[in-house]
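Chain A is already provided as a structure; the job is to place chains B and C on it using the hints.
Top to bottom, those sequences are chains A, B and C.
Each number in this note's numbering comes from the position in the first sequence (counting from 1) with 382 added on.
Each number in this note's numbering comes from the position in the second sequence (counting from 1) with 1 added on.
Each number in this note's numbering comes from the position in the third sequence (counting from 1) with 5 added on.
None of these hints come from the bench; they were simulated from the model.
Among the hints, erroneous ones may be present.
No more than 27 Å apart at the CA atoms, straight line, and that leaves these computed lysine-lysine pairs for DSSO-like [unchecked claim]:
| hint | chain 1 | residue 1 | chain 2 | residue 2 |
| --- | --- | --- | --- | --- |
| 1 | B | Lys-131 | A | Lys-673 |
| 2 | A | Lys-736 | C | Lys-55 |
| 3 | A | Lys-412 | B | Lys-575 |
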Amino acid sequence: MRRFNLANLLTEAVRGHEGWGRQWRSPEPKKSYDVVVVGGGGHGLGTAHYLAEVHGITNVAVLEKGWIGGGNTGRNTTIIRSNYLYDESAHLYEHAVKLWEGLSRDLNYNVMYSQRGVMMLAHNVHDVQVFKRHVYANRLNGVDNEWLTPEQAQAYCPPLSIDPRARYPVLGAALQRRGGTARHDAVAWGYARAADARGVDIIQNCEVTGFRRDPATGAVTGVETTRGFIGATRVGVAAAGHTSVIMERAGVRMPLQSFPLQALVSEPVKPVFPCVVMSNAVHAYISQSDKGELVIGAGTDQYASYSQQGGLQITTHTLDAICEIFPRFSRMRMLRNWGGIVDVTPDRSPIIGKTPVPGLYVNCGWGTGGFKATPGSAHVFAHTLATGEPHPINAPFTLDRFRTGRLIDEAAAAAVAH
Amino acid sequence: MSAQAYRLPQGGRIDRTRPLAIRFDGETYEGYAGDTVASTLLANGVHLMGRSFKYHRPRGLLSVGTDEPNALLSVDRGPGRVDPNNRAGAVEAVDGLVTGSQNRWPSLGFDIGAVNDLLSPVLVAGFYYKTFMWPRSFWDKVYEPIIRAAAGLGVAPEGPDPDRYAHRHAHCDVLIVGAGPAGLAAALAAAGSGKRVMLADEQAEPGGALLHDPRATIDGLPAQDWVAQTLAALDGHENVVILPRTTAFGYYNHNHVALVERVSDHLPLDQARDLPRERLWQVRAGEVVLATGSHERPLVFADNDRPGIMLAEGLRVLVNRYGVAPGRQVAIATVGSSAYTAAADLAAAGIRVTIVDVRLAGDCAADVAFAAQHGIEVLAGHTVVGSKGRLRVSGLVVAPLRADGSVGARRTLPCDCVGMSGRWTPAVHLFSQSRGKLAFDAERDAFLPGTHAQAERSAGACAGDYDLAACLDAGFAAGAAAAGVSEARTFQASPTRTGFQPMRVLPTDADPGRVRAFVDFQNDVTAKDLKLAVREGFHAIEHVKRYTTTGMATDQGKTSNMNALGYVAGLLDKELPTVGTTTFRPPYTPVSFGALVGPSKGALFDPVRRTPIDPWAEAHGAVFEPVSLWRRAWYFPKAGEDMHAAVARECAAVRDGVGIFDASTLGKIEVVGPDAAEFLNRMYVNGWSKLAPGKCRYGLMLKEDGFILDDGVVARLAEDRFHVTTTTGGAPRVLALMEDYLQTEWPDLDVFLTSVTEQWAVIALQGPRARDVLAPFVSDIDLGNEALPHMSVREGFVCGVPARLMRVSFTGELGYEVNVPADYGRAVWEALWEAGRELGITPYGTETMHVLRAEKGFIIVGQETDGTVTPDDVGLGGMVSKVKPDFVGKRSLARPDLVAGGRKQLVGLETEDPHERLDEGAQIVLDPSAPVPVPMLGHVTSSYFSPACGRTIALALVADGHARMGETIHVTTMAGFARATIRDTVFVDAEGVRVHARDS
Amino acid sequence: MLLITCPHCGPRPELEFRWGGEAHVARPADPSALDDRAWSEFLFVRNNPKGLFAERWNHAHGCQRWFNALRDTHSDKFVATYPAGAPRPDIAAEDAR
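This is chain A alone, in the form it adopts within the complex:
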């Protein structure tokens, strides 16, 4: 693998970039692998990378039914943060942020992790209580998060209106400076290139159509695919919105529902928005990409669907909120509006670990927030696949928690009531 660095880039510039090779191969599937990962998004590719890098397991295939990074990895608004309330979540997402901080160099691929800061706006007394609870809990967990006055919030994000007469005035904000954004496609490509270099087979246009199981033990022995049977005694499913569909083929019903989640970008403009701003009260989040587009997202459509196309009313409502907080953007124009399919668990926290089928592991339920966790999720899932047991960080994120009631309900903790 030819290293990516300035010297090589300049060398290639002189000779018309003829020397760059493929970033990953396009191999024919082998008859069997030590581990098969189902799903070639950031989580699946990252899992393969860490299996090879950390655990030395390189006889690994990543099976992707379309093209890698084509699902939610390539459709999300790329926000990264770890300012979660509960210990379990904070440790998981903070694990991810720490890996993000070194990811470009780890992969030798610039994923453009930009620590521009993620600011969450408090619009009422209840928001203030909730966000301060986050700030305090985060600090004790070693996660950076600080409380800002409205004036400090505006200083950090000049387009923000802090007019106290606004419908939703800004009473303060929680800022995680280490949060930010990254280049989503590069995450998939960077993991693919690094995993491939260690011998992982990345097989695109290969859909898993079924599972083969040992009749005696019920354990997984391999997967049926559109490109034939592929043997493996350890299979990890990281199929995001399509997890229920895949797992049903293994006879496992999951506590998941899949919803369309929309996002949009504006036409590109010169730098105007320096950070990421989120507002739970008005349901919107916004940042500006390196290309200059305002990147805007909101909540899911209300009904389960695999259609990747939501309703216009979700988009208009999101923009209502954005223009209410940032009135100057009213004359900006929406350039592209798209949808992805997100899999949501009852407590809106992920499931990472074992399933009732021996040898079959699942990493799913990331809902609207999976991108930010990519390296952390992949890292602990690789550990789980390699050792057969969860890493301490993903140990609480079991399928069994829905039986015991030991839920990790971040959204409930932020619930607006009274």
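What follows is chains B and C alone, placed relative to chain A:
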């Protein structure tokens, strides 16, 4: 240069009697009504209109339409009305309009950023993934800011938008998108049916391509006369609505189509103010006819991006529609026949034209003969290998193609304008958005509508019909079928020059690794970049697109996608459709946020709910806080008081005298029917069968998962009638949950639920003197302690108004809640307040309410609870019925984790420093010096200064809190930690005697 | 935005409706008889098919009645809507296309 030196002496649809002037980069240019900004500039010989995104290459107009990638301008219509990235060919010229170029410094002609052009060998596709990784901190601080400053196009608007945007929802039987020949024919067919027909077109006037076609005829009429006649005919049908300047941009589920109408940007600047700027139409159509036309493809050759190099059909539009000569000497490069019509039109306008046809002479003989009739020289069998010029094209470098495919000797055709014609791409965007499946048509080298997903038909060029008569016939047939009429009609029309030879990148003798032949103009993606992407393993077209950014510019690939796709397919030696097509996403062209937001801003964005007493509170100086959608009086400061002082005064008034509080926002549900008590038994944790009419009980409701959902006092008015109250924010949630269970789980129960939140105003009188204030206004209810004890209800009259009078208390004091019909709320409030003044009655707000209830240890759902809290956790486990076999949430309370030890339980806290007020949300630890991560026991849910206690008090959820009474813990503060002691939750009147007011 | 045919009111825009998850998941008559796993299945596990799905809708800003629908979650096409309590129509996914 003299004014409008390039204006043709006659022709065009401009109004030469109405001159106007616009400004561009500080210079004034004259034009006429009917011009666009682009046609005005070109009439004045201005071709240089912009700079490209990455290399800052000088660029001019490529297209005259909304597919324009290059000529994007900032447009200024007055203060606050400035916005970037407007397509020069789509902005109608208005007298006084101020426009400017973008993405250049210091000037359009001399742009420092053009240094990037020199670095282009380094700045290839995806270069940024390969570098900028060392040292780590430099990405945020050095590299990224430089990249960002260089990227972007125009400058974002700076102030709030003074314009107004309208929304319209409409239904129709037939929606026709596009008013070119196919769309007009469809409208003609549908109009007679009497069905509701809408015809929308993005241009200023209907007619589409016919507006720039002086030689076509339809049924014996010149095409433009036919357009006028057709519009007149349609105008006579009341069932037909024609919407010009209206772009259908989104095709959603179940024939929901979104369109945006540009209402006033084309009007003189002073006339536009009274009208909305744009109007969003959301149309639910029975049937949709798509007649959206097609886009011309550029040709890919070295330096095909110089100002003056445009699409050939665009030249025709300039000449015929705007009366503008795009140049004096024009070279037209083509792989197909349609460009010959453009050449003939230019020649007819007196412009010297040379055609360079890549097809061999034998393959374009008929076209060559046609050109000869118009005195046009044709270089058949020639390729284009480059262009000359810097800020404007000055020559086209061509070379003959030899029989063996090699390229012969170069020669330069001097010219000041070039037309390119790379064949047509049907505009299948809306079809694709409707989830129809596209099918590749090899003959047309294009994707066409294949399998339909909705009630939709495509007709005309967007379905691959390029011949005029075929467009008209197909349009009519589609319109008739959509309207359900059986009428058939065929049109006689002049023939259209069609046919082409597919050509991905024009043959060249140059080293392909050295030349730059642009595929995506705005994003500076060259054929070389695409080749690099393929070399690096990016083979899916979506990968190529994302790696090179081709097709991701503001035209979203309208001019570039097919060229990119074809070229990549060629490199991979695959059939084009196997490489894939990129998905078309809304919007078809960019849509302003303002149009999408419409009236939903300011007071109409989440309208504020106000109680009947709100105006009184405002008049009496209340400070308000938002609580769910309501605004509530927070506190009533007197002159010079801050919040702390006001709340202390209000609290003291309630504890010592009487306070008056507006509780109207409480949710209220009337539960009526023979099974009402049984229904409540199943909804609440506690029992209702034994509650006697005339009595009240505090109820607690769970979700099925066992966690607290809501609470409130329920009054039994009669055997079969309950007045249920909920939290302010919880009312819709609770009603919805009740309706759900009632309708779907227990439809056998005979119960009716009615939301009465807004029917009743609720006035709380609280304090030892409450009865004294109330008594004079009540004649038919005995207020005596025996007759109306705590937690009872009576119906009667207060101030002569029918009332539900409850003796309840959320303060721990003697208290009443007077429910009166909302329209009387303010009058009753004022009467009570007036009468109470001599007793020192004090209005109080939500903050005082919170302090008083916290002193008593009463919880607020959503503050002490957060969706993970059980009744036992907040000390209300005793309320949970042990005898009821089932209620919502009961089974979940027995789940392992809900009965496990270590759960967080509600306790009281007293800080060591009695004046230290803890932050709500602060975390509680045993050992503040523990290493990170520090184990946390819980958090502070409520914290106030308590006037009654003369110190601060707090409530908190603490792990095993009930077993920790008297323990000292540490609570986080912004500066560090505060020490506090755990105690019980009742800070005032622990025995609970005051509420019974026995001594009065 | 979906166009939903309320069995009581006719076709109305989605804005008037609230989605209610999978249909035909009856609350157990005696929850206390269920073990923790069975109860958690009732609480949390739902079918999530890519294809025909029986789901609940409430005409919240209309008649306020709950009803059921069969919808293809891939195309979002409604195949049928029917009152709460009525059995699921016997329509195969192929017929729905």
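Hints, verified against the model:
With a C-alpha separation of about 17 Å, the suggested pairing of Lys-131 of chain B with Lys-673 of chain A holds against the 27 Å cut-off. Between the alpha carbons of Lys-736 of chain A and Lys-55 of chain C the distance comes to roughly 24 Å, so the proposed pair stays at or under 27 Å and holds. Our distance criterion of 27 Å between C-alpha atoms is met by Lys-412 of chain A and Lys-575 of chain B, whose separation comes to about 25 Å.
In summary, this structure violates none of the numbered hints.
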